[in-house]
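*Asks:* Take the given structure of chain A and dock chain X to it, following the hints.
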Amino acid sequence: MRKTKGGKLGLFILMKGIRMTTLLIAICFISFLLVKNSPIDPIQAYIGADMLKVGPEQREKIAEYWGLDQPVIVQFLNWGSAVLKGDLGTSMIFRRPVIDVISERFLNSLVLMVAAWVLSGVIGFIMGVIAAMKKGTWIDRIIKWYCFTLASTPTFWMGLLVLIVFAVWLGWFPIGLGVPAGVLSENVTMMDRIQHLILPVLTLSILGVANVALHTRQKLIDVLTSDYVLFARARGEQGFVLFWRHGLRNIALPAITLQFAAFSELFGGAVLAEQVFSYPGLGQATIEAGLRGDVPLLLGLVIFSAIFVFVGNLFADLSYHILDPRMREVRKL
Amino acid sequence: MSILEVENLSVSFKQYTDGFKEMNHKVISSLNVTLEAGEILAVVGASGSGKSLLAHAILGLLPSNANVSGTIKYKGEELTPTRQSGLRGKEIALVPQSVNYLDPLMRVGSQVRTSVENGDAVAAQRKVFERYRLGKEVENMYPFQLSGGMARRTLLSTAMVSDAKVIIADEPTPGLDPIVIKEALDNFREFADSGCAVMLITHDIESALQIADKIAVFYAGTTIEVASIENFVGKGEEIRHPYTKALWRALPQNEFIPIPGSQPHPSSLPPGCLFAPRCEMATPECRQAPPEMRELRDGMVRCIHAT
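Chains as they are written, first to last, in our numbering: chain A, 25 to 357; chain X, 44 to 350.
A portion of the hints provided could be inaccurate.
[Stated by the list, open to error] In silico DSS-like links for lysine-lysine, alpha-carbon gap of 30 Å or less: (1) LYS225/X <-> LYS170/X; (2) LYS32/A <-> LYS179/X; (3) LYS118/X <-> LYS133/X; (4) LYS168/A <-> LYS57/X; (5) LYS69/X <-> LYS116/X; (6) LYS158/A <-> LYS64/X; (7) LYS60/A <-> LYS109/A; (8) LYS288/X <-> LYS69/X; (9) LYS158/A <-> LYS170/X; (10) LYS64/X <-> LYS133/X; (11) LYS64/X <-> LYS159/A; (12) LYS158/A <-> LYS57/X; (13) LYS40/A <-> LYS109/A; (14) LYS208/X <-> LYS170/X; (15) LYS208/X <-> LYS116/X; (16) LYS159/A <-> LYS133/X; (17) LYS109/A <-> LYS85/A; (18) LYS179/X <-> LYS208/X; (19) LYS288/X <-> LYS159/A; (20) LYS133/X <-> LYS158/A; (21) LYS225/X <-> LYS133/X; (22) LYS179/X <-> LYS225/X; (23) LYS133/X <-> LYS170/X; (24) LYS57/X <-> LYS159/A; (25) LYS69/X <-> LYS57/X; (26) LYS133/X <-> LYS179/X; (27) LYS278/X <-> LYS288/X; (28) LYS77/A <-> LYS60/A; (29) LYS69/X <-> LYS118/X; (30) LYS158/A <-> LYS168/A; (31) LYS57/X <-> LYS116/X; (32) LYS85/A <-> LYS60/A; (33) LYS64/X <-> LYS168/A.
[Unchecked claim] From chain A, some residues computed to sit far from chain X (all C-beta separations above 10 Å): (34) GLN68; (35) GLY317; (36) ASP341.
Don't read these hints as lab results, they were simulated from the structure. Keep in mind the model is a prediction, meaning the values are calculated, not measured. Note that the Cβ used here is the ideal one computed from N, Cα and C, for glycine as well.
In isolation and in its complexed conformation, chain A is listed as follows (with noise of 0.2 Å):
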């Protein structure tokens, strides 16, 4: 039984690694078509403001060193080798090789972006409940207005809109960046890095609620005018009681999937935030890289939030299979 399980288990995992390589083999083709037919030139993009110095046999000189002058499915092929080696180039922007670029922002994004996650997901989940146990009261209204104004509101307006409130007006914390400006990243205190985090996850945990709540409310709508809580009611059940054994069981799950496969929307959301604060993560590199031509960066970027959010979705799906007994029992029967 055990080894039916895992094995079960396991063909899931192969067959979600498979769709995994596929889609980022095609992902990686159309941005490598993609950035290669944009007005970019990846030579100009790379000697800069040194272009004049340069005469159009040292620029075939360099084309051909960089096998430019190749057709585009061997180029592709000759970056794809590379990215498998674990080589993904070098920023032109920073200097340094991507993966070390991607993995420092990446750290920094990290922290923003799950305490955002966790944050919008609980006080969502709450303002859910709240609203579907008081379902028609004023408290419902100004959660379900609250919500449907949030899901129509973009990122980066909310982001100025709180730095002009609690930056600048109120002066409560730093207009933007990671860290203080002028002092050494040795006297960076713990303190300065959550004092400059605050501002932006308030701006995507404002944004992260709606979604998981409004759905919460729903699904516990439903759950509460369902067939089992009348029974439940007609056994005596009520209040708080009722909720706890049968309406939180029944709406945590598809609060959970819900809140996992809600990666993209947090990376996208991320992305627009970081640029608003100036937030040195993941988010801002990609503009920076997208604005400047910084090709390397760029389909690293591309290739590391195509896996977190294919990750995110990814835990969405095993958590149903974990956590729901209908999935769960019947790999045991």
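*Replies:* Just chain X, lined up with the frame of chain A:
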């Protein structure tokens, strides 16, 4: 003394049709039923006649858009919403229709245990499972793993472990094999004989006749006849209401004559007797005003022509 009395109960639902037009659907109208201690009352009617709503009304579990009038008395005292919520699961227990009434994400053993009011919940649950021949592994199963019969026996168990004096069983028998039906019905009999009362809601007049003491016949949201089971013999000469007679005669072992037409929808009830449009005995008088429930030969009937 009657343990449960339902007098003149009406239930209607407010519904908005065509946007803003408010419609009042009267699903139960002037219904009367009494339940005596030590007795099994079978409430028999076609689907859509309001049987399940009667159960929900007694327990105070109707949705908030329902409008209830009339009185329900438990042990002689009127049931108010507060009293209903105090009695639910303790004095009055429900045996629902299907496995959908079990929480899909909770092991069935613990769901039965939540119904135990006094004493050791685990022991009580194991005892009742043993009695219903539910194996030891069943308590750790989830509702989706139960067969139809197991689910019904589990639902029965929830009522049996509570200390309820009244059990309202909503269609407890369909889908069970005859042996289990017999067993379930015997359990109800046993329960009633110990001084409690059972209201058996069913569309199956045959199994109702096996164990019930009295039968209340439902038609389009009201009781049209309350009769002792001894009346159901022969060609139904002792049955009072023409609809009950027609039901009896429609059984395969009797004359197997179907009744033409169908039950009226709650939104378009006839003004007079609800059965008049399908009744052979109907006269113009029947179509004018709904007949009152009256006593006749130790039973009750809602028909001006019944003798």
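*Asks:* For every hint, state whether the structure bears it out.
*Replies:* Now the hints, each set against the structure:
1. LYS225/X <-> LYS170/X: Measuring from Cα to Cα gives roughly 20 Å; hence the hint holds.
2. LYS32/A <-> LYS179/X: Distance ~27 Å between LYS32/A and LYS179/X Cα, so the pair holds.
3. LYS118/X <-> LYS133/X: holds (14 Å)
4. LYS168/A <-> LYS57/X: holds (25 Å)
5. LYS69/X <-> LYS116/X: holds (22 Å)
6. LYS158/A <-> LYS64/X: holds (26 Å)
7. LYS60/A <-> LYS109/A: Status holds; Cα separation ~22 Å.
8. LYS288/X <-> LYS69/X: Distance of about 26 Å is within 30 Å: holds.
9. LYS158/A <-> LYS170/X: Between LYS158/A and LYS170/X the Cα gap is close to 40 Å, so the pair fails against 30 Å, i.e. violated.
10. LYS64/X <-> LYS133/X: violated (41 Å)
11. LYS64/X <-> LYS159/A: holds (23 Å)
12. LYS158/A <-> LYS57/X: Judged against 30 Å, a Cα distance of about 21 Å means the pair holds.
13. LYS40/A <-> LYS109/A: holds (22 Å)
14. LYS208/X <-> LYS170/X: holds (19 Å)
15. LYS208/X <-> LYS116/X: The hint holds at about 14 Å.
16. LYS159/A <-> LYS133/X: The given pair, whose Cα atoms are some 28 Å apart, holds under the 30 Å limit.
17. LYS109/A <-> LYS85/A: With Cα atoms ~26 Å apart, LYS109/A and LYS85/A stay inside 30 Å; holds.
18. LYS179/X <-> LYS208/X: Holds - the C-alpha atoms of LYS208/X and LYS179/X are around 28 Å apart, at most 30 Å.
19. LYS288/X <-> LYS159/A: It is violated: about 48 Å lies between the C-alpha atoms, which goes past 30 Å.
20. LYS133/X <-> LYS158/A: holds (27 Å)
21. LYS225/X <-> LYS133/X: holds (26 Å)
22. LYS179/X <-> LYS225/X: Holds, at roughly 23 Å.
23. LYS133/X <-> LYS170/X: Holds, at roughly 19 Å.
24. LYS57/X <-> LYS159/A: Satisfied, since the Cα-Cα distance of roughly 18 Å is no more than 30 Å.
25. LYS69/X <-> LYS57/X: holds (9 Å)
26. LYS133/X <-> LYS179/X: This hinted pair holds, its Cα atoms lying about 26 Å apart.
27. LYS278/X <-> LYS288/X: holds (8 Å)
28. LYS77/A <-> LYS60/A: Holds: LYS77/A and LYS60/A sit about 25 Å apart, inside 30 Å.
29. LYS69/X <-> LYS118/X: holds (28 Å)
30. LYS158/A <-> LYS168/A: holds (12 Å)
31. LYS57/X <-> LYS116/X: Given that 30 Å is the threshold and the Cα spacing comes to 25 Å, the pair holds.
32. LYS85/A <-> LYS60/A: holds (19 Å)
33. LYS64/X <-> LYS168/A: With Cα atoms ~26 Å apart, LYS64/X and LYS168/A stay inside 30 Å; holds.
34. GLN68: holds (60 Å)
35. GLY317: holds (53 Å)
36. ASP341: holds (18 Å)
In terms of the numbered hints stated before, the structure departs from hints 9, 10 and 19, listed from lowest to highest.
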